[in-house]
Amino acid sequence: MLVKIKSVANIGLETLPIEVEVDVASQGFPGFNIVGLASKAVEEARERVKTAIVNSGLDFPGKKITVNLAPADIPKDGAAYDLPIAIGILAASEQIPFMTMNDNRMTMNAIYYGELSLDGSLRATKGVLLVGIFAQKEHVSQIYVPIESANEASVIEDIQVFPVRNLKELVDHLHQIESITPIKHLEVSELVEEVEFETDIFEVAGQELAKRALTIAAAGGHNLLMWGPPGTGKTMLAKTMPSILPPLSPAEALEVTRIYSVAGLLSTGQSLIRRRPYRNPHHGVSPAGIIGGGSNPTPGEVSLAHLGVLFLDEMPEFPRSVLESLRQPMEDGEVSIVRASAHVSYPASFTLLAAVNPCPCGYLGHPRKECKCTDKQIRKYRSRISGPILDRIDLHVHVPVIEVEKLSTQHVSTSPTSKEIRSQVIAARKIQIDRFAETHLPAGRQVYTNSQMGNKLVKKYCQLSPETEGLLRLAIEKFDLSARAYFRLIKISRTIADLASEINILPSHMAEAIQYRQVS
Amino acid sequence: MKAQNKQTGFLGEKFSEEYLLSKNYKLITKNFSTKFGEIDLIFKDGETTVFVEVKTKKSLDWGTPEEMFTRGKYQRVKNMSVIFLKGRDVPCRIDMVAILLNPDDSLLSLKHYENMGLNMV
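As you go down the protein sequences, you meet chains A and B in turn. Heads up: the first sequence runs through residues 1 to 520, numbered per the UniProt record's numbering. Heads up: the second sequence runs through residues 1 to 121, numbered per the UniProt record's numbering.
Isolated chain B (complex conformation) (with noise of 0.2 Å):
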């Protein structure tokens, strides 16, 4: 079972990297962990650094992908982010990727939530 979760996690990931480099961002990093926690995808977008975090589902059974990024989970972002950029001052914000796979593992649906820090506060 967790072998599986693991898998569409990967999926997920692998969509939204697809989906973000369509749309001429450039990638920095994936999956950037330390002890602390891990940030999904780093990207550029244009000056802006925009950390990624995917959420993928394969049933709305649990609730919706866009349920599961909480502002704990944003607040763990934004600590990974402060680490990552080593505590620098620069233009940056935090996305998210919402995905829902089939039970054959294509993709169902995606989107691309910008700017989370917005709802967040």
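Bound-form chain A, shown alone (with noise of 0.2 Å):
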């Protein structure tokens, strides 16, 4: 008898349908294939599926079996194929209640989807919140998934999440002696919840112009590049950051989520990612883990810090490639990645954070100590950066030694901590998600933050008074900016004027913002 069950293919974050068709011929020699442009682990479904069955109590059909993954040319991998296959050779050798072509119950219009353990059970399994989000596109009312993934589709509207513990429970549910409860709908928003961080920023002596700085770059997206000798704080004000960014919004938290299910980080029960991605990868990384990569592409840490922050430390010492690479996602808010077997876009909208020295001893232009470094050696260490990677950086800020005396308590106490801060910066992307409110870019995503508006965008909310306008063009002639720090510099002072509630542009404002663009 031939079943057809309905399972998908993630390639990317694109859910393609998948029909799992299972003969088992009364007539032939005993046997068991898998056709259909399947992986090698997709094969190996033979094994894992004929075991699971007879440890599960059930029978497998000692008959001739052939099942095909269709459409035939997409190719699959992975082991989310193990569950529509089993419940096919089941369906397929009547021991569930069948459901062939012409008979349209309810079982038919679900979608399977996990990976079977030898004793029957079933294990976690990635991307299940994207097979949520397609069964709710595509009026699938039933989702079957491991009980260990099911809390991510627990998020999705109008469809019912089964998790399944194992493959008799499965059977039995079927058979309808003993139902599997589906999972209680959660709302996005009860989900997004504050969370403790461990550094406040308030703990950084000192470092009132880094500290504003990072203060516009939270509340605007926009990447920042500090610089200064070792131990002035670089990298604890780094590791604020996440402290004063604004919570998730249901809507961002979905599409970040979306992404770690691909990568397959969700933690088991898992439902959401709830803060924003921080990532700060460390500089032995290779251009596909930074871009993402692999032969059936996986997402890498531009994608995974999307809506969030991607700090590196010591960016000199990166490689060329890696740094050249974020380029085109530090412009395009996404990468592509081409493969011979997949053509996969990741969203990759980050806000990109550095850290540098002056120079490779790190102690040019110290107020005390003596910098070693030859001039040839300088600028071999600042040209492993190159101009369109610090062109694409808005905000440059210098993190000087700090005086003895601003490390006392007194000075500590008398800074804003994480929570001003961030009371802050969640007012002006307030202000920022209204603006956007009725915007979208092209492919669906939406834009959220003022760096992520495009030229267009930025003339149609960014009107400049003919002061202002005289001040910019000023410093775009003075320091020989490029046509990409003009609009840059207008969406800087578009977060600065929203840090202050301003509607308009003020000349101080923009005078603020080209303060940060100065490179040494």
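Hints listed in this document are in silico derivations from the structure and should not be mistaken for laboratory results. Only a predicted model underlies this, so the values are computations on that prediction, with no experimental measurement involved. Quick reminder that beta carbons are idealized off the backbone N, C-alpha and C, glycines included. Since no wrong hints were added, every one of them can be taken at face value.
Only some residues are given here: those of chain B computed to face chain A with a beta carbon under 7 Å:
#1 91
#2 93
#3 115
#4 117
#5 118
With the C-beta cut set under 8 Å, the calculated list includes, among others, these residues of chain A facing chain B:
#6 26
#7 27
#8 28
#9 29
#10 31
#11 32
#12 62
Cβ pair distances, simulated, as ranges:
#13 B:66 to A:39: 27 to 35 Å
#14 A:328 to B:89: 51 to 59 Å
#15 A:74 to B:64: 39 to 47 Å
#16 B:113 to A:282: 49 to 57 Å
#17 B:10 to A:39: 43 to 51 Å
#18 A:39 to B:104: 51 to 59 Å
Got two chains here, separate frames each, mind docking them using the hints?
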């Protein structure tokens, strides 16, 4: 008998419908074959499915079994087809209420997705959130997924998510002997909650300018470069960044969680990424690690930092190839990864935070210590970060040596706490979210911050008074800034105005923006 | 030496035949052979045609009888069975009987493995 079961293939963030066709023929020699461009992991489903069925106390038909994963031209990878194949075999051998092509029962309109263990239980499988989103879009009312991953799909409306512990339980459910309870639907807004942070910004002594720059970066999602001698607090400042970032909005949380679901980085039972991503890859990272890669491309650090922060400590130590590969995502907010088998796009709208020393020894311009580097060494060190990358970083801020007096406790207590800065940032973000509520980028992506504005939006939302415009022109001419820098300066000044809750961009806002542009 | 091996094989087939008949299988033919190879025993188990390959060993010095039934051997039996069935598509399967004999040619153990096809893919 022939049975068709619905499942899906996740290729990048795209979900495609897959029909698992299972034929159990009574004629011909017994055997078990899987066709339909199946990878090694899918081929091995044979052993897992067979053993899981037998170990669940069910009967594995000793007949000629042919499984076809249709459409046959999409490459299928991963172990998520175990469950639909097993259900198909059980249905085709009439061990569960059958669902033939003509019999349009409830069970027919369901997606099965999950990896089987040899004992018949289901293992956590990545990408369940995408399955849920797909089911909602395609009006499939039920999805059967491993219990450990089921929470991922709990935030999707209009579908029933059945958490399956093992094959036996599912068979009983389909026989209506003992039903599996669908998991409770959760509102995304209920899940986005406050989280405690380890480092507070007020623990960093002094560095008011850098803190202000961090605030602007957090408020508008602008890139920030901090430079200064070792030990002045660059890394520590960067670590406080998560504590001043606004919480993820429900829509943002879903966007981020989708990426983490594909990457298989959600922990067991987790349904949503609640805090803004903060990624700080070591400088030994490879281009594929930062951009994403693999024959079935998985998201890299830039995508994992989507809507959050990518912190590159000791930026000049990163390989040139890695830094240059950041150019395209920094400009477009997404990466396209092309491999022989797949072409995948991942969102990568991140805030770049970089920390650099002024020279190899680190003490150039230090008030008391002597720099031991030669001119050539300094030039070589600086050339490791190319002009195009620096041009894309809007905020450059010097993190100087702190005077001993400032380290005293009195000073520390007067500086603002993360909570205070965060409320400013949240207020500024609120203005931005209201501003961009009606604006959508192509491919359905949403604009959340000033930094994501394209030139068209800049013209629409950032009207400059003649006075402000004059100041900007002067700066462009004086510092020989690029056309990109022109638009970026406007965006920064917009964020500074938002932080001050001003509707118009005032010359003072522009002046502050220009101040952060100086490339030393 | 060769004659002795033949004798062992013959004994094994005899024991398997007795065993399968006791399981209510119906014997169709023995030692069906063409120039491509041979099927030791062919039975009917209800509607299903069963092709049986017998492997007999007197000592485990060179491995178990189960080990002697390789993928290649399975394929050969399968090809032979297609010849036997003249290409007809009927319910059928390939079984294997593994036999160990004592030095005095009495039966030490007999194991019947149904449906080898599922383990051979």
